[in-house]
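Chemist: Each chain is listed here by its residues.
There are 2 protein chains.
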Amino acid sequence: MRLRFDDAKTYDLHEALRSAEGLAEYVSEVNNVADSGSYDAPEASVNLAVDAELRNRVKAVVAKKVTSELKYIFVIGIGGSNLGTKAVYDALYGYRDLEPETRPRLVFLDTTNVTILRFYTESILSTLSNVNELLIVSISKSGGTTETIVNTEIFVAAAKKRWKTILERLVVITDDGSAFAQAAYEQHVTYLTIPKQVGGRYSVLSAVGLFPLCALGVDIDALHQGASDIRSYCLNDDLAHNPAAQSAAVVAYHHQSGKIISDTFVFNSELESLGKWYRQLLGESIGKEHDVDGNQVFTGITPTVSVGSTDLHSVGQLYLGGPKDKLTTFVYSTDESQKLLVPNERTFSSVVEMVNGKTTNDVMSAILEGVKIAHNKQQVPFMSVELASITPYEIGAFMQFKMMEMMYLGKLLNVNPFDQPNVESYKLETKRILEK
Amino acid sequence: MRLRFDDAKTYDLHEALRSAEGLAEYVSEVNNVADSGSYDAPEASVNLAVDAELRNRVKAVVAKKVTSELKYIFVIGIGGSNLGTKAVYDALYGYRDLEPETRPRLVFLDTTNVTILRFYTESILSTLSNVNELLIVSISKSGGTTETIVNTEIFVAAAKKRWKTILERLVVITDDGSAFAQAAYEQHVTYLTIPKQVGGRYSVLSAVGLFPLCALGVDIDALHQGASDIRSYCLNDDLAHNPAAQSAAVVAYHHQSGKIISDTFVFNSELESLGKWYRQLLGESIGKEHDVDGNQVFTGITPTVSVGSTDLHSVGQLYLGGPKDKLTTFVYSTDESQKLLVPNERTFSSVVEMVNGKTTNDVMSAILEGVKIAHNKQQVPFMSVELASITPYEIGAFMQFKMMEMMYLGKLLNVNPFDQPNVESYKLETKRILEK
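In order, the protein sequence lines correspond to chains D and V. The first sequence begins at -7 in our numbering and counts up by one. The second sequence begins at -7 in our numbering and counts up by one.
I should point out that these hints are in silico values taken from the structure, not numbers from a laboratory. Be a bit skeptical, because a hint or two may be false.
Remember, identical chains collapse to one label, so a pair may be satisfied in a single copy or spanning two.
[Unchecked claim] With a Cα cut of at most 27 Å, we get these calculated BS3-like pairs of lysine-lysine:
no., residue 1, residue 2
1, Lys428, Lys152
2, Lys51, Lys153
3, Lys51, Lys63
4, Lys56, Lys350
5, Lys419, Lys316
6, Lys419, Lys1
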């Protein structure tokens, strides 16, 4: 993974870093958390990637629950409980849902959608001949997420009609000591726990992401290794060589001058879910009614996700011609090992003649390059994250980098990047209505 | 379809309508276009839904090309050439990609993604035994869309290796008189045309959307009927009874007070692509460097799409606690015919007790209601679009309503909602690079 600023012409990285007051001190604090190796501080998530014990616990449960018979893994969870897993899954296997034969298949149930629940509990369960073809992973950090519990109850009840032993095919992932962990224990259901200080949106490298991904066959050692390797850079107290600090400083610098929208513009369509994972991370961490001193500030940066080149044909006009309220981060793979040649014998040779003799890579690189030039000309600021390939190692590095960027950004914007107090307001109203 | 303002407590609809200067006159102009029934004006798209001749032409080609053997329809197109079709497809059949046996399957190829192109040209083509199992629809309004032409050439060349007659299984959809139409004619490829004045983002009810949807079995008469029925309301010069005018007035009114982000918050996850269709419509129509008088204004509203309840666990914190820069439109179906009961015998009865004895509808309605109350309490403005059901009729009505809202919004914000001049800037740079 490489963070690039050199081709962006509208701002100066070093000026942004100079304005990042107090950041170096905070980086030292995060270094202390890393040195401790413990899960006591709000920044605890930085220690997940170096936790070999955690990987072993996950692998032991995978060894017990996953056999070659497995056809479907249902991940029941919402928000921080599934966005990270979905990001990695879609990046690595996004197109595989289209291939009917590949197994196991990962299915995500997040909101309570009757059409989708019906489809799985009726059409799909009836195609299975054996309970071992099925694995249900139910994830709720708090243990009290309404949609997750409703989906789990409906799904388990439907499966129980066919197989009395269905609870042996269920794995619960929740906070140590939650009511859900207690209930799982009482029902003899296998469960894995999340350290309390690791928030949902920082939990992808905990059992939350590791278990379903490992069950699917993703190399979780590589995922952690990528995260662990970049962690060293992101802990560097020389901020000019710390990518997480650089990125946070650039975001904060632009926020001051009114860039209140942050667009993650991925140029490999399989990375869209990775953008959505970051959307939660940025939206929930920085969008705050109060700052850390208790002042009512209504601050925040609205995250958007765009897919290149698709969205150039959708919102490109807005991005280049519209309000100067955006900072863009292009994310793309520089791996050129996969490419296709535009056929020499063309069917419609009279249209778009400029692609004659070019490869798909030539075309996509030219579009990306053209877009960057147009951004510079229109004074729309951007930075770029280059992934060497779309692999667990690189995705792990990207996620660790972004989670540490977010801690640093919280510090720079003077908000708590680990809480989400306003979410309670609608939950309370919902509870009132349901209890009426 | 019903547009609701009555449960939103932070603004007054009639005040918004009173500030909609000049809109009634423009509604009269659009009425003239509708009365003419022709495709000569920029607003020509309003006449698509009442064009029985168009539906007949589409059905005639479908009758020739679609048989029970058909397994895959590949829609090659990007932006306005596929977003509308994908919106309708995902709303009606989004979950069906997961059901291996259902045919035909609709596959969208938009950007030039090597992994996906490889997958289809290698893995999938080899599973087909007969050329009639395949239909390729290549759509480019201008006839010169780089990604669409590249994907078409690669896909057709791969298929040609197996079937010499592949061009009989290709349908081109493009502007009447474009170089692509000419090339299709010369190659004896079937083609359907788009009226020149109907822009890409307003073209879903033309052959662009109708042909692939009809080939798949969608009731395009109902789609057009829904659009045609709401058109009458959206042409009403009494703005207080014209939903497109109401919605445009409310958006413009809030834009004046700094709501520069418009969130389409769908509460049925199968409507996410409908939100993305609207994202192009709003982003590209209103995001403008210059107003209609030629002043440099850099105006625009950034569209975002959220999915309830999923994104409450992702960006709900930002929406309720963050900057007051958003206007939300909730979109949801009020159809309660499909629901599931939370099982009486629960597995984890000690967690989330409030859902005991409730249905999935009770839960989702309570969440939506709770979110609306929280929006009112936090002074976050919203409106709601209620669909009676998720059917071609209702989706057609929604799309027609939104396209007319956009024309009216362009008038209120003094920009041309039919052009996209800034897109040319990156295309020019891309062309320079490819021709080097």
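Chemist: Taking the hints in turn, state whether each one holds.
Modeler: Evaluated hints:
Proximity of Lys428 to Lys152 under the C-alpha cut-off of 27 Å is found in neither arrangement, the shortest distances being 31 Å within a copy and 64 Å between copies. Taking the closest pair of Cα atoms, Lys51 and Lys153 never come within 27 Å of each other, the shortest separation being 30 Å inside a single copy and 45 Å across copies. Taking CA atoms no more than 27 Å apart as the test, Lys51 paired with Lys63 passes inside one copy only; the shortest distance there is 19 Å, against 40 Å between copies. Taking identical chains as interchangeable, the C-alpha atoms of Lys56 and Lys350 are never at most 27 Å apart, the minima being 50 Å within one chain and 35 Å between chains.
Taking the shortest alpha-carbon separations for Lys419 and Lys316, only the inter-copy value of 21 Å comes in at or below 27 Å, while the best intra-copy value is 35 Å. Within a single copy, Lys419 and Lys1 get their C-alpha atoms only as close as 45 Å, which misses the 27 Å cut-off; across copies the closest is 19 Å, which meets it.
Hints 1, 2 and 4, counting from the list given before, are not met by this structure.
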